[in-house]
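Colleague: Residue-level listing of the chains:
Number of protein chains: 2
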Amino acid sequence: MLPQISQRISQDSSAMDELLALSNQQQVISFAAGYPAKELFPREELEKAFVHRSQASDLNLYQYASVEGYAPLRQKIADFVRHTGVSDVTVDQLFLTQGAQQGISLLADLFLDIGDGVVVEGPSYIGALQAFESRQPTFYEMQMQNDGPDLDQLEAIVKKHPVKLVYTIPTFQNPTGVCMSLEKRQRMAQLAAQYNFLVIEDDPYRELRYSGESLPPIKSFDRSGNVVLLGSFSKILSPALRVGWMVADQNILALVNGLRSASDFQSSNVVLQMIDQYLEENQLAEHIAEICSVYSKRNTAMQEALTRYLPQNCSFSKPEGGFFIWLTLPENLTAKSLLTADCPVSFIESSQLYETSRQANQMRLNFTGVTEEEIDKGCRLLAQRIRNASSELCLKVG
Amino acid sequence: MLPQISQRISQDSSAMDELLALSNQQQVISFAAGYPAKELFPREELEKAFVHRSQASDLNLYQYASVEGYAPLRQKIADFVRHTGVSDVTVDQLFLTQGAQQGISLLADLFLDIGDGVVVEGPSYIGALQAFESRQPTFYEMQMQNDGPDLDQLEAIVKKHPVKLVYTIPTFQNPTGVCMSLEKRQRMAQLAAQYNFLVIEDDPYRELRYSGESLPPIKSFDRSGNVVLLGSFSKILSPALRVGWMVADQNILALVNGLRSASDFQSSNVVLQMIDQYLEENQLAEHIAEICSVYSKRNTAMQEALTRYLPQNCSFSKPEGGFFIWLTLPENLTAKSLLTADCPVSFIESSQLYETSRQANQMRLNFTGVTEEEIDKGCRLLAQRIRNASSELCLKVG
Numbered sequence: 001m002l003p004q005i006s007q008r009i010s011q012d013s014s015a016m017d018e019l020l021a022l023s024n025q026q027q028v029i030s031f032a033a034g035y036p037a038k039e040l041f042p043r044e045e046l047e048k049a050f051v052h053r054s055q056a057s058d059l060n061l062y063q064y065a066s067v068e069g070y071a072p073l074r075q076k077i078a079d080f081v082r083h084t085g086v087s088d089v090t091v092d093q094l095f096l097t098q099g100a101q102q103g104i105s106l107l108a109d110l111f112l113d114i115g116d117g118v119v120v121e122g123p124s125y126i127g128a129l130q131a132f133e134s135r136q137p138t139f140y141e142m143q144m145q146n147d148g149p150d151l152d153q154l155e156a157i158v159k160k161h162p163v164k165l166v167y168t169i170p171t172f173q174n175p176t177g178v179c180m181s182l183e184k185r186q187r188m189a190q191l192a193a194q195y196n197f198l199v200i201e202d203d204p205y206r207e208l209r210y211s212g213e214s215l216p217p218i219k220s221f222d223r224s225g226n227v228v229l230l231g232s233f234s235k236i237l238s239p240a241l242r243v244g245w246m247v248a249d250q251n252i253l254a255l256v257n258g259l260r261s262a263s264d265f266q267s268s269n270v271v272l273q274m275i276d277q278y279l280e281e282n283q284l285a286e287h288i289a290e291i292c293s294v295y296s297k298r299n300t301a302m303q304e305a306l307t308r309y310l311p312q313n314c315s316f317s318k319p320e321g322g323f324f325i326w327l328t329l330p331e332n333l334t335a336k337s338l339l340t341a342d343c344p345v346s347f348i349e350s351s352q353l354y355e356t357s358r359q360a361n362q363m364r365l366n367f368t369g370v371t372e373e374e375i376d377k378g379c380r381l382l383a384q385r386i387r388n389a390s391s392e393l394c395l396k397v398g
Numbered sequence: 001m002l003p004q005i006s007q008r009i010s011q012d013s014s015a016m017d018e019l020l021a022l023s024n025q026q027q028v029i030s031f032a033a034g035y036p037a038k039e040l041f042p043r044e045e046l047e048k049a050f051v052h053r054s055q056a057s058d059l060n061l062y063q064y065a066s067v068e069g070y071a072p073l074r075q076k077i078a079d080f081v082r083h084t085g086v087s088d089v090t091v092d093q094l095f096l097t098q099g100a101q102q103g104i105s106l107l108a109d110l111f112l113d114i115g116d117g118v119v120v121e122g123p124s125y126i127g128a129l130q131a132f133e134s135r136q137p138t139f140y141e142m143q144m145q146n147d148g149p150d151l152d153q154l155e156a157i158v159k160k161h162p163v164k165l166v167y168t169i170p171t172f173q174n175p176t177g178v179c180m181s182l183e184k185r186q187r188m189a190q191l192a193a194q195y196n197f198l199v200i201e202d203d204p205y206r207e208l209r210y211s212g213e214s215l216p217p218i219k220s221f222d223r224s225g226n227v228v229l230l231g232s233f234s235k236i237l238s239p240a241l242r243v244g245w246m247v248a249d250q251n252i253l254a255l256v257n258g259l260r261s262a263s264d265f266q267s268s269n270v271v272l273q274m275i276d277q278y279l280e281e282n283q284l285a286e287h288i289a290e291i292c293s294v295y296s297k298r299n300t301a302m303q304e305a306l307t308r309y310l311p312q313n314c315s316f317s318k319p320e321g322g323f324f325i326w327l328t329l330p331e332n333l334t335a336k337s338l339l340t341a342d343c344p345v346s347f348i349e350s351s352q353l354y355e356t357s358r359q360a361n362q363m364r365l366n367f368t369g370v371t372e373e374e375i376d377k378g379c380r381l382l383a384q385r386i387r388n389a390s391s392e393l394c395l396k397v398g
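Note that the protein sequences, when read in sequence, are chains A and B. Following full-length UniProt numbering, the numbering of the first sequence begins with 1 at its first residue and continues without gaps. Following full-length UniProt numbering, the numbering of the second sequence begins with 1 at its first residue and continues without gaps.
Bound conformation, chain A alone (with noise of 0.2 angstroms):
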């Protein structure tokens, strides 16, 4: 017989890997990841920056490095994030993770103890739920508005209740696709302050900007060290080279390197190089350049494809940017419900989404995975299948 696992553990098997293997199935349109377009990988430029930095550098690159990451990455990532506006960063506010994944997963295990407050929006990236509920907090919810969470609401909740983590992703958020304002950006950094609570950033998606104007992060309001911003170079360079960065004060990077160092050691070196010897060889910017050029077209598409199929009681989001399209059902239809076996689409239902409102009339949409053709075609089937099942629900409520 086996020890009992821990009362924070739920037997429930993994929502991500589910997820994933559902957009993996064949002959089902794939609404439902948050793939990258594979077509748009620089395969060629990957390997020769392999080979160059291998055989240039000695036989170190094999070895084991530092904790926080390759030196020579983090200040080129540092640079990168100072045009972004949070004009102070230095090398040693910069920390590579395992993807940004891993940067909330080392924050909740820092600070959560059973029962801690966390914020989410609701609704909210459900990896990062998984990250926070495995530490079994309390969760509250704020819900998301067209210019980002409502912040009336946030503030109640830190009034009333010890809350130390707020989540957010303020640029095209997922799921949403919502771009948070310039004057919430703001608020938020000084409600941080004002209440001490810890915003972790959670930014992607920021250069996925297909139309508007590019706003600063949250972190660059940040003077008292309360934003921590999570960055990745899954969604503008490849997924499975696994690596993201924190931005942080050095106070919690010098715990969270105890963290890191005690879950998984460290990157891989060899990758972490590999990205070093791509961004001397390449310009990071016409790469992402061309796909946003790729992607803004896939949102237009889809976004005209709803308008042209969907009926009267559906609405969605209109994004600028990022990944996803947010699509709300008529009140009485829960996404799930179109969920079937012989659904021809597949999409994120909306209620596992929700932390604590459990909305299920929503569902998300990406766009980036999938082709055009096949984005016009998904969403007509999706709009006869939301028909159909609205029609069924009227013979059964007549």
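Do not rely on the hints blindly, as some may be mistaken.
[Claimed, not checked] Listed next, the in silico DSBU-like pairs over lysine-lysine satisfying Cα-Cα at most 30 angstroms (straight line):
no. : chain 1 : residue 1 : chain 2 : residue 2
1   : B       : Lys38     : A       : Lys76
2   : B       : Lys48     : A       : Lys38
3   : A       : Lys48     : A       : Lys38
4   : B       : Lys76     : A       : Lys38
5   : B       : Lys38     : A       : Lys48
6   : A       : Lys396    : A       : Lys38
7   : B       : Lys76     : A       : Lys48
8   : A       : Lys38     : A       : Lys377
Treat the hints as calculated values from the structure; they're not laboratory data.
Use these hints to put chain B onto chain A, whose structure you have.
Modeller: Chain B only, in chain A's frame:
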């Protein structure tokens, strides 16, 4: 002001990181870190493997992949593990991790609540101790003997206290170099089944045997699913790949999968497939034989140098494989007292490697990351340092 960090987290900075910093110091002969010899890394073969796989595969190589890791690589490792004696292992019982370190951390996370019982060897691997420490368990120690940990002591502990995890490094233990006898391996599996604890069998050095007969893993005697076997490519290929594996029953792996997914999602598919291709194009056994031939000489060189230079009141282990020799000083001399700024040799002092008994008159010496010349010179200087400290001590006592 920042929110309070978790009560589980120590404010100490990472001991492992300090250890690496120590061993990166110039002008000091480093016996401290557990580094493989960098000149043996198969640079060209890995370059070729990466380029061949990248060119041959569709671009899914660079896409998100599964949490458990690339199936063909898991199959190859399962075959490898089967040949060591775990005759019934299947690919479904094999999960890839970010080094074996992540395997330890995931199992600690899965099983431990605050105060739960964990038995470790005294002394043990510092990285494992840190992974357990951040879960605030109750530690018990089983003392190392010449044929492995004292299992009478273990049985007395598990009879008296509720223990969830027993952590052991059976083959060429870190830090003592001791290899657990066949009898103790069998008894360990039997005790786990009888007293319902989980054995974490950390076995990264098993292929690095320089003399004597190979012994089957504890896992090969496990009929109850109470043993989890961890392995790694770090010591036999390259630690910068950060790839290890976990062999466990599927009910455990299903839970580990959920935790891994929330922790950092998955390993780098690029790296996993590079290794898979390397294993297709090369004979890993030949590469290991080459490593063993070099390390064997270094092991012999260190044993000879210690015999030549050390004062009579010191003793040391004579390992048949692995990375380390364990040196015992006179009882009244602490290893830490030798580690002054002008010490020409670095090593790991013993007190931090014991969870409860904190024995201070021992040290771990690594012989794989240094040349035979450095070994001779380092041992001579270390012996001199010990003689000087001993005579100072005599003067003080006198």
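Colleague: Give a verdict on every hint.
Modeller: A quick look at each hint next to the structure:
1. B:Lys38 with A:Lys76: Since the Cα atoms of Lys38 (chain B) and Lys76 (chain A) sit roughly 27 angstroms apart, the hinted pair holds (cutoff 30 angstroms).
2. B:Lys48 with A:Lys38: Holds. Lys48 (chain B) to Lys38 (chain A) sits at ~23 angstroms (cutoff 30 angstroms).
3. A:Lys48 with A:Lys38: holds (18 angstroms)
4. B:Lys76 with A:Lys38: holds (27 angstroms)
5. B:Lys38 with A:Lys48: Judged against 30 angstroms, a Cα distance of about 23 angstroms means the pair holds.
6. A:Lys396 with A:Lys38: violated (43 angstroms)
7. B:Lys76 with A:Lys48: holds (28 angstroms)
8. A:Lys38 with A:Lys377: This hinted pair holds, its Cα atoms lying about 20 angstroms apart.
In the structure shown, a violation is registered for the earlier hint numbered 6 alone.
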